[in-house]
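Asker: One letter stands for each residue in the lines below.
There are 4 protein chains.
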Amino acid sequence: MKFASLRKECYEANMELPKLGLVIYTFGNVSCIDRKKGVFAIKPSGVDYDKLTPEDIVIVGLDGRIVDGKLRPSSDTNTHVELYKAFPSVGGIVHTHSTFAVAWAQAARAVPLYGTTHADHLAADIPCTEFMADDRIRNDYETETGLQIIDCFKKHKLKASEIPMALVAGHGPFTWGATAAKAVYHARVLEELCKMAYITELVNPKVPRLKDSLIQKHYNRKHGKDAYYGQN
Amino acid sequence: MKFASLRKECYEANMELPKLGLVIYTFGNVSCIDRKKGVFAIKPSGVDYDKLTPEDIVIVGLDGRIVDGKLRPSSDTNTHVELYKAFPSVGGIVHTHSTFAVAWAQAARAVPLYGTTHADHLAADIPCTEFMADDRIRNDYETETGLQIIDCFKKHKLKASEIPMALVAGHGPFTWGATAAKAVYHARVLEELCKMAYITELVNPKVPRLKDSLIQKHYNRKHGKDAYYGQN
Amino acid sequence: MKFASLRKECYEANMELPKLGLVIYTFGNVSCIDRKKGVFAIKPSGVDYDKLTPEDIVIVGLDGRIVDGKLRPSSDTNTHVELYKAFPSVGGIVHTHSTFAVAWAQAARAVPLYGTTHADHLAADIPCTEFMADDRIRNDYETETGLQIIDCFKKHKLKASEIPMALVAGHGPFTWGATAAKAVYHARVLEELCKMAYITELVNPKVPRLKDSLIQKHYNRKHGKDAYYGQN
Amino acid sequence: MKFASLRKECYEANMELPKLGLVIYTFGNVSCIDRKKGVFAIKPSGVDYDKLTPEDIVIVGLDGRIVDGKLRPSSDTNTHVELYKAFPSVGGIVHTHSTFAVAWAQAARAVPLYGTTHADHLAADIPCTEFMADDRIRNDYETETGLQIIDCFKKHKLKASEIPMALVAGHGPFTWGATAAKAVYHARVLEELCKMAYITELVNPKVPRLKDSLIQKHYNRKHGKDAYYGQN
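Protein chains in written order, with our numbering: chain G, 1 to 232; chain R, 1 to 232; chain U, 1 to 232; chain P, 1 to 232.
In case anyone wonders, no lab produced these hints; they're calculated from the structure.
There could be a bad hint or two in this list.
Identical copies go unnamed one by one, so any copy, or any two together, can satisfy a pair.
For lysine to any residue, the following SDA-like pairs were computed, each having C-alpha atoms within a straight-line distance of at most 20 Å [claimed, not checked]: (1) Lys51 <-> Leu20; (2) Lys36 <-> Val67; (3) Lys222 <-> Asp48; (4) Lys159 <-> Gln216; (5) Lys8 <-> Lys36; (6) Lys217 <-> Asp140; (7) Lys70 <-> Ile59; (8) Lys37 <-> Gly69; (9) Lys225 <-> Ser45; (10) Lys51 <-> Glu12; (11) Lys222 <-> Arg138; (12) Lys19 <-> Lys51; (13) Lys217 <-> Arg138; (14) Lys222 <-> Gly46; (15) Lys19 <-> Tyr49; (16) Lys206 <-> Ala110; (17) Lys85 <-> Thr143; (18) Lys206 <-> Pro112; (19) Lys217 <-> Tyr229; (20) Lys206 <-> Phe131; (21) Lys8 <-> Pro54; (22) Lys19 <-> Asp50; (23) Lys217 <-> Asp135; (24) Lys37 <-> Ala86; (25) Lys182 <-> Met15; (26) Lys206 <-> Arg109; (27) Lys159 <-> Pro88; (28) Lys155 <-> Phe87; (29) Lys217 <-> Glu130.
Based on the provided sequences and hints, a complete structural model is requested.
Answerer: As structure tokens, this is what we get:
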């Protein structure tokens, strides 16, 4: 098997999605990139997780063309292409239709930062794109989906290395990370943050956003040069 | 065993319902039809899923009479009869009392199309029938339940081949598809769409319906001659 | 082991509660009665389900005194005594602190009959008692809990043979049936009805109660001389 | 292995958290103290539960310094230190980011005592601290988190021996008990109480707090010299 380790990383990360309750049927995909070779591995389109094998994983170039593999890649492949090109720190990307993240995306709202569980992972609201304009929909839709996220990050001056997740309005979540496993981790965390924020607003409709001093404290416990969480 | 493959298809589809969390106890039934022979296979009435065997499945004609089988068929059999007669593209039908779909049916609301997860499966709100009139209730109730769905589709000019699901007001969901397995798939998807729409409205009470251009784009990615999702 | 079959029935019904997700830790109890011998079997107080054995089950008389057993019976024993004395058709009783049923009990609201899932089991709202008066609390509290339920049934002219469940305001659910297994079935159904009604009201705050003609139709499909659901 | 039994108690209690659905990934920690030796055992920082071994557990003194162990202790260690120093009856402490407890903490609301499930465990609302002042955040944040809880208990005249849980505003829950296992029990109960109170308020926005006579009755059934719940 060519690209064996890249395919294996991609396969294993994909198989985490149903285990974590983030997808039903074929509702999701994970990719991971080999920056040196300029190719990424991605789930084939519409294949059930319980039938997926490492051999089924498709290898794609940054021009969106198949480099190796017998199956058609995920229909979202061009979204992954745009994100890999725009965000050089990203090593893996996940797309799911997980329940609470989709609900916030459908509600077209950024998820407010209400607590330290959120601030442990990112020091900003979880961004949500605009609804896509009709001319973009008529264009290459999946490429435009990636560009919507990138535009949103530019507009709000966000760094993909610091904000590892986004909601696409009316659609659902994309998450990323240094590796495919880390991107899956962010997909699971995002779903939890969306559920917590939902309950929080129902418990207290006037809940304030967490104050900046607490946000910075928690974010910096886990990230950056003064981090003191974990073993490294 | 007569009608062995039809019974087996029906049995296996029925057994998916408790695994998918769509039924407790005996709250549901699946049928599948052999159009050439003009008979369909359906779950027997009130039999627990963990005691069900392929032999227990009842074979029924399109007049609602038992063709083969030792047990009484589902009390909802006549609803299936009407749907098979009115919707010639349908090969399998599912009825459940899954939690979120029942809640929308009890609320007597069509489920608004809020996102692409919904549009990937149908390009319209999930229809909900009227409450049944008293004279119809006094009539053959299960036959009338089927007619309620058919009337609803006529009134709103919906095609059963494009809209594989309906809610019966005050009651619960029916779904269908080309096969029993596909009908079960739609039952699971319906439950998820109902849960997502419920959360969406609580996150944003003023949420707009997804715009048509996005609906058509997503529906056509997966359906029709220009579909490009999956491996075929 | 004395009263072996009664103890076994009681043990097995108790063990269903954690499997069905109706209890955590020791939050619940099931009893079943032998009307001829005038004794009932009940879970011992505060014993974890994973350590429970049939021998641990306590045999109690209708005066509330232990007839056989080494352990102290459930602290709710006297509630069971009152219900068995007042409701002669009852063969088994369940008390849980299941999440949605407790929430409705805390909200001190009868659960409105919103759909056929409810009407398949009872043709009335799920009754909720008054909050207990202070003099009754100072009295034998568990006996008074049973009397609260009985008073509620008298006041609303309900029959325990037709309404197999009640909520005690501020506390939680009691359910019953011809056997312990049937009482457990009603505990699971009650939890589902409470969850469905909760979601229904959030989906449509102005949802109407199901009309009587539909209620009677569904109740009579499953109960009484003209029932045609199931195999008997 | 030094401190073998303390490490084992701590390890086993930590391993309960993912089984009970109270943590995902590394979101939580349990400690337990040996009061005679003046040391406590605590989970190492950022280690996955499925890789955790008893040997990984860190032994820490009441000055917060490592006494034995190869790994860095939980970043929340100093919070545990303060609680052990202020609350001499406490033998074990748990911190989680369980969903409903975090939502109430983010909503910065004490959880009202709505029912007997709550009163069985504590006879007061579940307290919630103030948001931490900025000068305290700049100080030793984890020490200050413990002090916030202690201040809250002083202000409301609560006893840690009677109220085994607290919410830290904008952050999440801490629970405790005579042993680590008992502290885990309280973490699970807290999550259930938070879920029940959330649903209760949505079912009845005007729900009253449970009256004191019922609170005292239930609390005293399980606690104090006249308790009659359980086998002792």
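Asker: Give a verdict on every hint.
Answerer: Outcome of the hint check:
1. Lys51 <-> Leu20: Intra 17 Å, inter 18 Å, cutoff 20 Å: intra and inter.
2. Lys36 <-> Val67: within (15 Å within a copy, 46 Å between copies)
3. Lys222 <-> Asp48: between (36 Å within a copy, 15 Å between copies)
4. Lys159 <-> Gln216: within (16 Å within a copy, 33 Å between copies)
5. Lys8 <-> Lys36: For Lys8 and Lys36, only the intra-copy Cα distance (17 Å) is at most 20 Å; the inter-copy one is 46 Å.
6. Lys217 <-> Asp140: between (42 Å within a copy, 11 Å between copies)
7. Lys70 <-> Ile59: within (10 Å within a copy, 42 Å between copies)
8. Lys37 <-> Gly69: Intra 16 Å, inter 42 Å, cutoff 20 Å: intra-copy only.
9. Lys225 <-> Ser45: Result: close only across copies, 17 Å inter versus 40 Å intra.
10. Lys51 <-> Glu12: both (13 Å within a copy, 18 Å between copies)
11. Lys222 <-> Arg138: between (42 Å within a copy, 16 Å between copies)
12. Lys19 <-> Lys51: both (14 Å within a copy, 18 Å between copies)
13. Lys217 <-> Arg138: Result: close only across copies, 8 Å inter versus 44 Å intra.
14. Lys222 <-> Gly46: between (37 Å within a copy, 10 Å between copies)
15. Lys19 <-> Tyr49: Classified as both; 10 Å inside a copy, 16 Å across copies.
16. Lys206 <-> Ala110: both (16 Å within a copy, 15 Å between copies)
17. Lys85 <-> Thr143: within (11 Å within a copy, 44 Å between copies)
18. Lys206 <-> Pro112: So Lys206 and Pro112 pass the 20 Å test inside a copy (12 Å) and across (18 Å) alike.
19. Lys217 <-> Tyr229: within (12 Å within a copy, 45 Å between copies)
20. Lys206 <-> Phe131: Answer is between; shortest inter-copy Cα gap is 15 Å, intra-copy 26 Å.
21. Lys8 <-> Pro54: The answer is within: 6 Å in one copy meets 20 Å, while 31 Å across copies does not.
22. Lys19 <-> Asp50: both (11 Å within a copy, 15 Å between copies)
23. Lys217 <-> Asp135: between (43 Å within a copy, 12 Å between copies)
24. Lys37 <-> Ala86: within (17 Å within a copy, 56 Å between copies)
25. Lys182 <-> Met15: within (14 Å within a copy, 23 Å between copies)
26. Lys206 <-> Arg109: Both ways: Lys206 and Arg109 sit 16 Å apart in one copy and 11 Å across, limit 20 Å.
27. Lys159 <-> Pro88: within (11 Å within a copy, 47 Å between copies)
28. Lys155 <-> Phe87: For Lys155 and Phe87, the Cα distance is within 20 Å only inside one copy (15 Å; across copies 50 Å).
29. Lys217 <-> Glu130: The answer is between: 17 Å across copies meets 20 Å, while 30 Å in one copy does not.
The structure shown violates none of the earlier numbered hints.
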